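Student: Please work from the sequences and hints to get the whole structure.
Here are the chains, one letter per residue:
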Amino acid sequence: MALDIAPKRLPVPEQSAEERIKNFNDVVIGYSIEEAVAESARCLQCKNAPCIKGCPVSIDIPGFLKAIKEKDLEKSWDIISQYTNLPAVCGRVCPQEKQCEGVCTVGRIKGYEPVSIGKMERFIADWKAEHGSKVAPKVPEQTKGNVAVVGSGPSSLTVAGDLAKMGYKVTVYEALHAAGGVLMYGIPEFRLPKAIVRREIDNIKALGVKIETNVAVGRSVTIEELQSHFDAVYIATGAGTPHFMGVPGTSLNGVYSASEYLTRINLMHGYEFPKYDTPTKESEKVVVVGGGNVAMDAARSALRLGAKSVQVVYRRSLEELPARIEEYHHAVEEGVIFNWLTNPVEYVGSETGNIVGVKCIRMELGEPDASGRRRPQEIKGSEFTIEADTIIEAIGQGPNKVLLSAFQELKLNKKGYIDADPETGQADPEWVFAGGDIVTGAATVILAMGAGKKAAEAIDKYITEKKAAGK
Amino acid sequence: MYKIISKKLVVPKEFDVWVEAPRVARHVKPGQFVIIRTNPQGERVPLTVADYDREKGLIRMIFQTVGKTTAEFADMNVGDCLTDILGPLGTPSEIKNYGTVLMVGGGVGIAALFPIIRALKEAGNKVYTILGGRTKDLVIMKEECEKYSDELLITTDDGSAGKKGVVTDAMVELAERGVKIDQSWAIGPSIMMKFASLKAKELDIPMFVSLNPIMIDGTGMCGGCRVTIHDQIRFACVDGPEFDGWGVNWNEFMNRMRQYKDEEKMSLEKYKAEMGEE
Ligand SMILES: Cc1cc2nc3c(=O)[nH]c(=O)nc-3n(C[C@H](O)[C@H](O)[C@H](O)COP(=O)(O)OP(=O)(O)OC[C@H]3O[C@@H](n4cnc5c(N)ncnc54)[C@H](O)[C@@H]3O)c2cc1C
Ligand SMILES: Cc1cc2nc3c(=O)[nH]c(=O)nc-3n(C[C@H](O)[C@H](O)[C@H](O)COP(=O)(O)OP(=O)(O)OC[C@H]3O[C@@H](n4cnc5c(N)ncnc54)[C@H](O)[C@@H]3O)c2cc1C
Ligand code: SF4
Ligand code: FES
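Residue numbers (the UniProt record's numbering), protein chains in the order written: chain A, 1 to 471; chain B, 1 to 278.
Hints are not guaranteed to be accurate.
[Said to hold, decoys possible] Restricting the straight-line Cα-Cα distance to at most 25 Å, the calculated cross-link-like pairs of lysine-lysine (DSS-like) are: (1) A/Lys22 / A/Lys275; (2) B/Lys136 / B/Lys180; (3) A/Lys275 / B/Lys136; (4) A/Lys308 / B/Lys121; (5) A/Lys285 / A/Lys22; (6) A/Lys210 / B/Lys3; (7) A/Lys98 / A/Lys165; (8) B/Lys147 / B/Lys96; (9) B/Lys272 / A/Lys281; (10) B/Lys13 / A/Lys281; (11) B/Lys194 / B/Lys180; (12) B/Lys121 / B/Lys96; (13) B/Lys147 / B/Lys136; (14) A/Lys281 / B/Lys270; (15) A/Lys98 / A/Lys134; (16) A/Lys380 / A/Lys411; (17) A/Lys138 / A/Lys8; (18) B/Lys163 / B/Lys147; (19) A/Lys169 / A/Lys75; (20) A/Lys401 / B/Lys147; (21) B/Lys29 / B/Lys136; (22) A/Lys275 / B/Lys265; (23) B/Lys147 / A/Lys275; (24) B/Lys7 / B/Lys261; (25) B/Lys3 / A/Lys281; (26) B/Lys147 / B/Lys121; (27) B/Lys3 / B/Lys29; (28) A/Lys275 / B/Lys272; (29) A/Lys285 / B/Lys265; (30) B/Lys270 / B/Lys13; (31) A/Lys138 / A/Lys454; (32) B/Lys96 / A/Lys285.
To be clear, the hints were calculated from the coordinates, so they are not data collected in a lab.
This one's a predicted model, so the numbers in the text were calculated from it and none came from an experiment.
Tutor: Right, dumping it as structure tokens:
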């Protein structure tokens, strides 16, 4: 097939690796208007638009790209914002290579790269914030009912924004002192600047949504109070409880969960200690255990905090790495060393109880397990030790229990997550809806948002029917 | 919000404050704590709720100045506001009629012990209380604890009040008198809780202790507050802060408390310099 479009996507300007490991600023600088217009011209405007089907919230991708190509940026924004309340976030953190870009027609042609959809989404959201018109959104009268939303991560923000647009009075309760969930406390500044999260949250507040921080539902507010004050409740409390491998030495000083390490840095600004009061330890030799986005974020944060060496230990191989591929490449460029097919078996401490090394064992891949991935097995006698003064475990999370322990009537599934209808988010009892990581287990921002979108419609239907029935 | 309503110095370096926090006041139970921040760049610091007034929406905290955050809290005045208060957090104490209970408190831990003493008395228990301190002036809340105790014993290291000695001596004295204890609590410095637990085990008395590891979120999200109880990892902010004292790995616990010693010192010195103190 001969096409008159450039086979390769326009490279997006980034900070150089040497420069960026000295700061926490956004790694990607982003397209200029000219570059965005040129890149959008690579879209074929496919009739069947596989990219839309690949997007968990079905953004009209050809539509918003066409508007960029025609330099009608305001229109492009209008199109995107019909589908997502957090485009600047999605454009930065979605695993696009597995979603829209993974199925893009252009990318299917030999020698061609898919349209850089994610970077274009980010471009339009950032353009809007800096240059777009600032008309306050029209807020419908909030007379259709009252909804409480528990947690303020991407799933909650989506449901809250959508319900407010439909005419509901929405109150979001967040346990921490800052709204945003993992976007605020987990994903680092250099990948998702907090000012951008705050900006998108301000947009949602502008729709009339009330956000109350420092409220742990189940403790600061009881379940009975929720039930009596609201027509329905949406729970998106996330998968925030860190797992530990449980190897000997886990309690040594210098062993962190990635959640603690990243929370100290992101939420508490540990990298600005002592200007901010919460310290983060300076480390020289860091070992990160795991291979997801969380592990990449921890490893790259450690480099920025001045570590001389950062090694990732992952029990499978690059092919199975769950992290976004862009983050893996960034990590390699920045100097993170990867130990594939390796697992820690013991943390070794000094007499004073500080970590000095990690004993690892080599692994090989055996038969596929339930998830379809080949199961890693230890190779006997292959132990070796890596010197380390800091270990960060990023091996996964479980359901956040602050609320669940106080809400015994709520039905959970076998794994301890909320048992909710995948189509509507409705849980048991019926006035409760739930979505995001607290239903699926640790997943992605966009899936959490998708759950929020579906639930907003289901909540609207539920409350409308309940009111019609005079209850 | 979170306005300081009253503040007084109880003993050197220990302050007794009442603060507006209606949501906490409405729901808090004995054994629970809050997380506060004193300023927008501040650290999240846990403090036990020592008392509350549900009607007025007030909570009482008694704290000791140890580092930057507590020093800054101590420098705040009536009318000033804390930036954040989250709570109540933690699993409440198991209050019921055990029969006879023994309550052991030391230092600022007495503030955390007091609401439990009161609740246990109200639940019909016979209450023995032992309060310990280095010297007379450091034993706080004597009258309040006495009011809800059948018998109150005091021990001081220097003998300036009560018996000269440590709290475990008083535990032995009660045992020797033949007092039969069904359940006990010890709250105070780690070293005191450790030895009280060892003694309780020796005397075959079940004992709860309230652990105070370094916390960040207080909602079970970071794992920083992890402690080992009967060889299992538990999170003090959601599974505790009260645990079976017999099962605590004390060496590990005390070692983890020292993790940020150097950084904390630096932070306090910087604050003092800014405030123009030595
Ligand atoms: C370090 C890290 C990096 C990641 N990187 C990516 C990425 O690159 N791309 C991607 O798509 N996904 C990524 N993820 C996953 C993604 O962030 C999550 O899937 C998503 O945030 C889930 O959203 P949520 O709305 O379900 O909950 P969360 O974002 O987890 O938010 C839950 C919120 O609820 C609050 N809460 C909990 N209990 C209560 C209560 N009782 N009362 C009040 N509030 C409560 C919590 O404090 C929290 O703020 C990453 C996750 C982490 C940890
Ligand atoms: C559940 C719980 C209840 C508590 N109740 C009380 C109370 O009622 N009254 C009281 O005076 N103190 C109480 N504490 C201890 C109090 O939280 C610490 O003294 C305080 O955090 C010190 O902060 P700082 O900034 O002033 O000192 P820092 O300079 O930060 O630290 C000094 C020392 O305090 C400890 N510490 C530091 N940060 C924390 C933290 N986030 N959590 C716990 N310990 C920490 C460490 O051992 C450290 O070495 C409680 C702690 C917990 C976990
Ligand atoms: S699949 Fe690719 S080329 Fe086709 S419409 Fe979507 S972005 Fe354009
Ligand atoms: S303080 Fe973070 S899990 Fe307990």
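Student: Compare the structure with the hints numbered earlier in the document and write down the numbers of the violated ones, lowest to highest.
Tutor: 2, 3, 4, 7, 10, 15, 16, 17, 19, 20, 21, 23, 24, 25 and 32
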